[in-house]
Amino acid sequence: MTIVETYATLAEAARAMGRDAAYFGGGTLVMRAVNEGAAPPRLVRVTDPGLREIRGSADTVTLCTAVTMADVLAHRDLDFLHPVARAIGGPQIRNMATIAGNIFAEHPYGDFAVALLALGARVVPVGQGGPIPVEEVLRARDRTGLIAAIEVPRPRDRRDFGFLKVSRVKPKGVSVLAIAANLPREAGRIRGARIAFGAMGPTPLRASGAERALEGASLDATSIGRAAASAAEGLDPPTDPIASAWYRKEVCGIHLKRLLSRMEAGR
Amino acid sequence: MTKSPVGFTLNGSQRAAFADPGQSLLDFLRRGVGDLSPKFGCGQGACGACTVTIDGATHLSCLVLAESVAGREVRTAAGLADGASLDPLQEAFMDHFAAQCGYCTPGMLVSARALLDRNPRPDRAEVIEAISGNLCRCTGYEPIIAAILAVAEGRARA
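Protein chains in written order, with the working numbering: chain S, 4 to 270; chain P, 495 to 652.
Think of the hints as simulated: they come from the structure by calculation, not from any bench. Please note that a few of the clues may not be correct.
Claimed, not checked - Simulated coverage check for chain S against chain P, where a stretch passes if three residues somewhere in it have a Cβ under 8 angstroms from a Cβ of chain P: (1) 8-20; (2) 39-47; (3) 88-99; (4) 138-148.
Stated by the list, open to error - Derived EDC-like pairs (lysine to aspartate or glutamate); straight-line CA-CA distance at most 16 angstroms: (5) 252(S) with 267(S); (6) 173(S) with 514(P); (7) 175(S) with 514(P); (8) 173(S) with 521(P); (9) 260(S) with 239(S); (10) 497(P) with 8(S); (11) 252(S) with 223(S); (12) 497(P) with 514(P); (13) 252(S) with 239(S); (14) 497(P) with 521(P); (15) 175(S) with 521(P).
As the structure is a prediction and not an experimental result, all values here were calculated from the model. Glycine included, each C-beta is placed from N, C-alpha and C at the ideal position.
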């Protein structure tokens, strides 16, 4: 049986956490486990309305821990994240699911975290310690404490960032794969390419082969072709009812090429 | 095991009942409060049959913790009709044969009502988007879309 503990602040909740407890955020992941009888004995929740705050500066957006997909969509200033938030679930899920929770979503979910990875987002933990790259959190999700906020660097140019979710059912369907590309350019050359895939491994992962192919190049048919050819390098995607590992490896380059071509055309 | 008292507004009326620890809002509404209009479909947030609004925003009541609605305003399909007078959406669903087995209908109606309250003149794409979190295995969706558009375009019976 599950008991629910309610706290006024995130700091109190952090002290109450333990191996036998799960943090209850938007509920879309944890409540499923409760309904299946698979939840840990204690659920910890926080009522502080300030946890839905969104703060923006010129180069960084800070999303507090309870910010939902719908909150992001309602914020005109976050338009670069709108295509990502819109790709998550249906309207009801978007009203409930949090950005922070998405980092912990198991395959095949977690499409928003793919974008966070490509954007180089940082996770602000509750309590001591500075921001941690989301990449590190994704590598050790079960050892991560509570999240206070997520800092998302804004793309310098809106056209530097692109997102594509590939699903069989539209508008709401589970990912065959998801791709986020962040390609900052200096004098027309890509500097610091970050390409992230979702549903191509147990967590969102970077496509290092594609990143190498793009680094220092201009975004054109040649570099896009090279990136597409090396898209699956080092990745070991899962087989599930949506797609086989073989299929995902076969098509990930094609979808990466479509996304990058769209970005090249400025669409 | 401690039950917690939950006071909230249901379809405009003040209600209070005891929720079990970890009880979903869906189970609480159906068994604790007696509103049988939200349906249990999947219990996983995939089907939308349990859709209700909380403070005006659609939620999947199977994934909401019952005690978290304390002090908030919940609306279900049971609150759409005013006595014998049905919501125009309900009339339109009948006129357009938008309900077959009827299991998805309460969730569809709540999603559609939330859309029209926010956007009284949605186009077809907006209607499809608004009901994209509600599965229907009977109608093929077209009669449902037609019913909602009929209300939006003022063609439904008042």
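Outcome of the hint check:
| no. | hint | verdict |
| --- | --- | --- |
| 1 | 8-20 | violated (count 1) |
| 2 | 39-47 | holds (count 3) |
| 3 | 88-99 | holds (count 7) |
| 4 | 138-148 | violated (count 0) |
| 5 | 252(S) with 267(S) | violated, 23 angstroms |
| 6 | 173(S) with 514(P) | violated, 37 angstroms |
| 7 | 175(S) with 514(P) | violated, 32 angstroms |
| 8 | 173(S) with 521(P) | violated, 30 angstroms |
| 9 | 260(S) with 239(S) | violated, 19 angstroms |
| 10 | 497(P) with 8(S) | holds, 12 angstroms |
| 11 | 252(S) with 223(S) | violated, 23 angstroms |
| 12 | 497(P) with 514(P) | holds, 5 angstroms |
| 13 | 252(S) with 239(S) | holds, 8 angstroms |
| 14 | 497(P) with 521(P) | holds, 14 angstroms |
| 15 | 175(S) with 521(P) | violated, 26 angstroms |
Violated hints for the displayed structure, listed by number in ascending order: 1, 4, 5, 6, 7, 8, 9, 11, 15.
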